[in-house]
Amino acid sequence: MSAFLLTETPIDPTSFSADLRRDEAGGYCSFEGWVRNHSDGQAVLGLDYQAYPALAETEALAVLREAEARFDIVAASCIHRTGSLVIGDMAVWIGVSAAHRDAAFTACRFVIDEIKKRVPIWKRERYADGHSEWIACHEVTENS
Amino acid sequence: MSAFLLTETPIDPTSFSADLRRDEAGGYCSFEGWVRNHSDGQAVLGLDYQAYPALAETEALAVLREAEARFDIVAASCIHRTGSLVIGDMAVWIGVSAAHRDAAFTACRFVIDEIKKRVPIWKRERYADGHSEWIACHEVTENS
Amino acid sequence: MMLARPEMPRLTLEYFASLRDEAGCAQEQIESTAPSLSALYDELSQRHGFSLPATRLRVAVNAAFAPWDQSPRDGDHVVFIPPVSGG
Amino acid sequence: MMLARPEMPRLTLEYFASLRDEAGCAQEQIESTAPSLSALYDELSQRHGFSLPATRLRVAVNAAFAPWDQSPRDGDHVVFIPPVSGG
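Protein chains in written order, with my numbering: chain A, 108 to 251; chain B, 108 to 251; chain C, -18 to 68; chain D, -18 to 68.
It should be emphasised that the hints constitute simulated quantities derived from the structure, not laboratory data.
Incorrect hints may appear among the rest.
[Said to hold, decoys possible] Label-pair ranges, simulated between beta-carbon atoms:
1) Gln27(D) <-> Asp119(B): 57 to 65 Å
2) Ala235(A) <-> Asp2(D): 17 to 25 Å
3) Asp236(A) <-> Arg37(D): 43 to 51 Å
4) His58(C) <-> Asp209(A): 32 to 40 Å
5) Thr121(B) <-> Ala169(A): 27 to 35 Å
6) Asp220(A) <-> Asp2(D): 43 to 51 Å
7) Asp50(D) <-> Ala150(A): 42 to 50 Å
8) Gln27(C) <-> Arg172(A): 54 to 62 Å
9) Arg37(D) <-> Glu115(A): 25 to 33 Å
10) Asp196(B) <-> His58(C): 29 to 37 Å
11) Arg(-9)(C) <-> Asp119(A): 51 to 59 Å
12) Arg128(B) <-> Ala161(A): 42 to 50 Å
13) Thr116(B) <-> Gly30(C): 49 to 57 Å
14) Arg172(A) <-> Asp155(B): 19 to 27 Å
[To be verified] Take a look, some chain D residues computed to stay more than 12 Å from chain A by CB distance:
15) Ile11
16) Ser26
17) Gln27
18) Gly56
19) His58
We treat Cβ as the ideally placed atom computed from N, Cα and C, and that holds for glycine.
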């Protein structure tokens, strides 16, 4: 039902989103993360993404399965870029289909939030002033 | 910034979603309504949409402008089908770009909810048992 | 500040959804002396047997929502708006 | 039920993000007698000068999250996971 892909080349969600189409699905919500030109007041030139593929796939699929278990959806999928991205590039794509729109929206939001919190992917921001920095969006609270 | 289109031919959001891309936009949320094969327990064969174009455009643009005023988004657009649709056809597309994902999700949800409530477009469900029925999603409370 | 109106204002009615089915036409020109849009709907309702009460409708004149107590004027394009169900 | 372990277990370390930058390599093979993954991180931290305290990391062994008190075994593939920032 659900699929996750890490890719070093530009994201093309066409075949993934086609796989979410089912006769019983009346709503489809998707989210795309794009590289934007600013972060916390600093001008940004681009982003570098690293991922730990084996564990990223396990965790991302766990997130998608959780979404399918918690919400009344038909299917959910995710694609995440790695490598060096410039302004406007798509960093992540998520698509969710459901009978009704409420579950599609809620599950799509859940997936992007959990992906950002749990999946071993890291982002380095390259700033206009020449320096760059690994971003820590998530503070670890449990040490398991 | 915002654009609305009523179309009698299959929805292709490509150029509309491309127009939502801006260097300052880091998140993009979209919603698609698809014709599904069931409604309130009845098997559905398809949907017919009628619209009152002049007023639909005015109201839809008002909804999009309200979304831009209420939420911290970059731009929002909507396309709605009219005519006779079969299972799987896209009936409506909404796209919203924003600096951050929270506003993109919230505004996209606001737009589809308001479109369904306010814009003079009507849906007739064609059922497997042969009868068909105009659907009233919205009860009018104010009489202005 | 009522303007003088011709004896029988000519109106264009456009129908959608169940109103169109019940009227049996998408559009018609009529002459009516109905003093309000509300009275106009009652008049048309009797003629076409509309099943929706006015309380469930809104009304638009010349592509803008209008109050039910507004007087129809010669040349007006009037649309009664059944509960919408787009999306 | 501890298995007998060779004197010096051989471990593969893979680094990501700031740990990779500080280690100066993406991967290395080492021999270590560290009794826990926690002790292993301390050992590597001293060698590479890692700036992240273990409290901000998680650790994975053979592509699954593992508890810090787990003993590294010969052949293990160990990854310390800095705070993630995908999306």
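Verification of the supplied hints:
1. Gln27(D) <-> Asp119(B): 57 to 65 Å: 59 Å, holds
2. Ala235(A) <-> Asp2(D): 17 to 25 Å: 20 Å, holds
3. Asp236(A) <-> Arg37(D): 43 to 51 Å: 26 Å, violated
4. His58(C) <-> Asp209(A): 32 to 40 Å: 37 Å, holds
5. Thr121(B) <-> Ala169(A): 27 to 35 Å: 33 Å, holds
6. Asp220(A) <-> Asp2(D): 43 to 51 Å: 27 Å, violated
7. Asp50(D) <-> Ala150(A): 42 to 50 Å: With Cβ atoms ~44 Å apart, the hint holds.
8. Gln27(C) <-> Arg172(A): 54 to 62 Å: 60 Å, holds
9. Arg37(D) <-> Glu115(A): 25 to 33 Å: Cβ of arginine 37(D) to Cβ of glutamate 115(A): about 28 Å, so the range 25 to 33 Å holds.
10. Asp196(B) <-> His58(C): 29 to 37 Å: 31 Å, holds
11. Arg(-9)(C) <-> Asp119(A): 51 to 59 Å: Holds: the Cβ-Cβ distance is about 57 Å, inside 51 to 59 Å.
12. Arg128(B) <-> Ala161(A): 42 to 50 Å: 33 Å, violated
13. Thr116(B) <-> Gly30(C): 49 to 57 Å: For glycine 30(C) against threonine 116(B), whose Cβ atoms are near 35 Å apart, the range 49 to 57 Å is violated.
14. Arg172(A) <-> Asp155(B): 19 to 27 Å: Violated - the Cβ-Cβ distance for arginine 172(A) and aspartate 155(B), about 38 Å, lies outside 19 to 27 Å.
15. Ile11: Per Cβ check, isoleucine 11(D) is outside 12 Å of chain A; nearest 18 Å; holds.
16. Ser26: 16 Å, holds
17. Gln27: The claim holds: glutamine 27(D) sits with its nearest Cβ about 20 Å from chain A, beyond 12 Å.
18. Gly56: 16 Å, holds
19. His58: At roughly 9 Å from the nearest Cβ of chain A, histidine 58(D) sits no farther out than 12 Å, so the non-interface label is violated.
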